[in-house]
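Asker: Input sequences plus hints: build the corresponding full structure.
Protein chains in written order, with our numbering: chain A, 3 to 686; chain B, 147 to 308.
Do not rely on the hints blindly, as some may be mistaken.
[Claimed, not checked] Computed beta-carbon distance windows for the label pairs:
id, chain 1, residue 1, chain 2, residue 2, range
1, A, Asn-116, B, Ser-274, 35 to 43 angstroms
2, A, Leu-164, B, Asp-221, 57 to 65 angstroms
3, A, Pro-167, B, Pro-258, 38 to 46 angstroms
4, B, Ala-185, A, Ser-347, 27 to 35 angstroms
5, A, Pro-188, B, Ala-185, 28 to 36 angstroms
6, A, Arg-466, B, Ala-185, 32 to 40 angstroms
7, B, Glu-225, A, Leu-504, 43 to 51 angstroms
8, B, Ala-185, A, Val-452, 21 to 29 angstroms
9, A, Met-154, B, Asp-221, 32 to 40 angstroms
10, A, Val-452, B, Glu-225, 42 to 50 angstroms
11, A, Gly-290, B, Tyr-236, 29 to 37 angstroms
[As the list claims (entries may be wrong)] Simulated crosslink set (SDA-like; lysine to any residue; CA at most 20 angstroms straight-line):
id, chain 1, residue 1, chain 2, residue 2
12, A, Lys-403, B, Pro-176
13, B, Lys-188, A, Lys-357
14, A, Lys-403, B, Val-194
15, A, Lys-357, A, Leu-346
16, A, Lys-403, B, Tyr-236
17, B, Lys-188, A, Pro-408
18, B, Lys-188, A, Ala-150
19, A, Lys-403, B, Leu-241
20, B, Lys-188, A, Leu-556
21, A, Lys-403, B, Leu-217
22, A, Lys-357, B, Ser-274
23, A, Lys-403, B, Tyr-254
24, B, Lys-188, A, Lys-162
25, A, Lys-403, B, Lys-229
26, A, Lys-403, B, Gln-235
27, A, Lys-403, B, Pro-245
28, A, Lys-403, B, His-277
29, A, Lys-162, A, Ala-150
30, A, Lys-403, B, Asn-250
31, A, Lys-403, B, Gln-189
32, B, Lys-229, B, Thr-243
33, A, Lys-403, B, Ala-242
34, B, Lys-229, A, Gln-402
35, B, Lys-218, A, Gly-546
36, B, Lys-229, A, Pro-408
37, A, Lys-403, B, Val-233
38, A, Lys-403, B, Leu-249
39, A, Lys-403, B, Glu-234
40, A, Lys-357, B, His-277
To be clear, the hints were calculated from the coordinates, so they are not data collected in a lab. Idealized CB from N, CA, C, for every residue including glycine.
Spelled out, the chains give:
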Amino acid sequence: MLANVGFFTIVVTFGVALYGAGAAAFGTLRRRPALIDSARNAMLLTWPLLSVASGCLIGLLVSGAYDVAYVASTTSNAMPAYLKVTAWWGGQAGSLLFWSWLMAAFTTAASARNWERDREFLPWVIVVTMITLAFFLSLVVFFENPFARLWMTADGQQLKALFQPAGAIPLFPADGNGLNPLLRHPGMVIHPPMLYLGFVSFVIPFAFAMAALVTRRTDDRWIRITRRWTLVAWLFLSLGLILGGRWAYDVLGWGGYWGWDPVEIAAFMPWLTGTAFLHSVVIQEKRGILKHWNMVLIILTYSLVIFGTFLTRSGVLSSVHSFAQSAIGPMFFAFIGLTFVTSLSVLISRWPELKGESQLDSMFSREALFTLNNLLFMGILVVCFWGVIFPLISEIFTGQKVTVGPAFYERATGPLWAGLLLLMGVAPLSVYGRTSWNNLGRAAWKPMAVSLVVPIVVVLLGVRNVAAVLGYWLVGLVVAVVAYEFWRGALARRKLHGENLLLALGRLAGRNRRRYGGYIIHLGVVVMALGIIGIEIYQTETQGTLARGEQMTLGRYVMTYDALSVFDTADGKNVARAVVTVYKDGRQVGELYPRRDYYYASQQPMTIPGVRSTLEDDLYVILVDWQPIGTQGATFKVYHNPLVNFVWGGGLIFILGTLVAAWPERDPESARQRVSARAGVARA
Amino acid sequence: MRKVGILLLGLGFAAVTLAAMAGRAAAQGPAPSDDEVNAVAKQLYCPVCENIPLDVCPTQACAQWRETIRLKLADGWSEQQIKDYFVEQYGARVLATPPAEGLNWLVYVLPPVAFLAGAFLLFRALRSWRHAAAAAPSAPAAPTSSDDPYVRRLEDELRRGG
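Answerer: The structure is reproduced here in structure tokens:
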């Protein structure tokens, strides 16, 4: 019953979304406001409808209705209730419904705003969002139905269908296969929703951009309306990427957090264009230039969002993330192509109307430096995109599949990241409009001089790797510049408002959240960079087979193998768990329990490292193999990961900065000023 | 006499065999360590477990590949010889990056060419905007279009403060 209700609700929502898109387009072209209102109501209806459908699926998952194929393939009796709920996005069909539900929620939120001022945007925002929603729902309706039941035909074949096929009998398995063990980690429970939130929220600025193009309102209004949406999208995408990294570090057992896997890159690409967009829209707002470019960036971001979902969900590139493969690939491909070509056509048709309102006054101005930032982000994007699709191109043209592994990406993007760090150090000191090399030099010399202390100190401490010294200097430069900016801002505020420095510092971020939130994000990035330099350049590893009581050494660490136990657990897995004692500089610092879990139902092993974590470094121990009981030998792989926790700490600062930048302004002083500014405009 | 001849022949064969075995043993040296095996395995990918380097892949098949590497190293094979062997057996996809030959050149050439083309276009655009600005009548000096008076004042202050 629940399955039928769920599926028919999705079918109705699909119809409602199609109607909404059609009514909005027809209503605006034929100037029928009633139709546009009806389209808006249709849009508002999609979220409640999809909430009903999702509620049905969750009900089936939690109650263990294994006659439903999706429930049988993603849950099992042994799974706790919360994991059964997360199975909503743990498989192909459910995750498409989840995507659609989030998309509907965001379009509802977008439509909840006051439209009186921008009424001409409304129909086209509805068209774009409802077409996107209808596309995802069509995949659920026609290809990946999460409510399909299991049936057995007369000749013993197992089928998936909502209604009873002729001659088939229903199947009621006593237990399900359970969720993919890799997805049971807390990081992985939250990681997909964060990524999807990031993905769907980028659809909103894209919809407004298209609306602006179609309605010829090519000023920066669409950017101002969607500023916060973009930041929120970027926040969720960043959170998704960071959580994905943490999950990889904790669960995949290869000593790292980022493997340049094609599906990781698929989520990273919209982040790259989104970051470039966040920077370049500031230039359009301040100087009225780069209008074409901002449109290109948001079109690219939207297309990469769909492309990312396509790579994750179609199984076109098999990788550790591609848990599912299905026949939806061609549909996705056609949709990406169609939306990309249509949006570019609309952009080209409005090209002359997007002419800049001012000119570039200096090559050293902030706007010029921001365009350089965009060039570097685009450079990284090209490397990522090319690296992901080249194996496909090679297979199509030569029949030979090749691997494009981390070494390619690291070598190709390394100098570009360094360039971005340098810009992060220089651009905040530049000003808009006319400025000269001398002006920039005058602003930069103090923090530049302070930052030079860093390479001198690290060289004196014995660091000889040129890339590491350069990296540490760039980190030092950005930190010095951020500190300098806060300091100068606080001084200026003290002068203007007579506040003491502490209060001025506190209020500074609150008064111009985007600017100082941005600086906090920069700080987060360089703290992460410290960790990345640490693990990329100074990671060491060793592997060996030990008998009980034997030890192995890695740098200042010694690890002794004490014991190993192998046992079955109630939740259907076999666990091999080793006990090792860790010594640092001859002093015992703790015990670790690296283990290997083997899930009987899915026949899948999972490596859980034992990690001793400090701010200075991680000792990361993996149980690689063990001998049958009696010989008592076990093989361990041990990684020493210096500074890796700076990656996570930097991630937290990064997220904090994004929250500061995206937080709605509630400062009474600012509100007063805005009110008086508006009154002034009204009087004028 | 004939018996002596057979005996000498037998002794000669035994000597040659022993010498060959001794030579092989000398070539083998000590058994390769896990770290030596992993140093090679790190640069290889098995065709089944895509995107997981061979040194960390937990599957049985990859463990067997690592054993093959160990045997080859024990036989005195170089790192390059072992990589060539796997390429011959399973194709170029086992390598961490495509070999720079044929169509694969594109993977290395396109990103820098695209970046340089982007840099050239950006430089041209910036230059043309600057020329247009120079031709335009007296643009206001360093305008800040912020609608927030505090930010405007702060930016002015910062500019003056240098």
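Asker: Check the structure against each numbered hint from earlier and tell me which ones fail, lowest number first.
Answerer: 3, 4, 6, 7, 8, 9, 11, 12, 13, 18, 21, 24, 28
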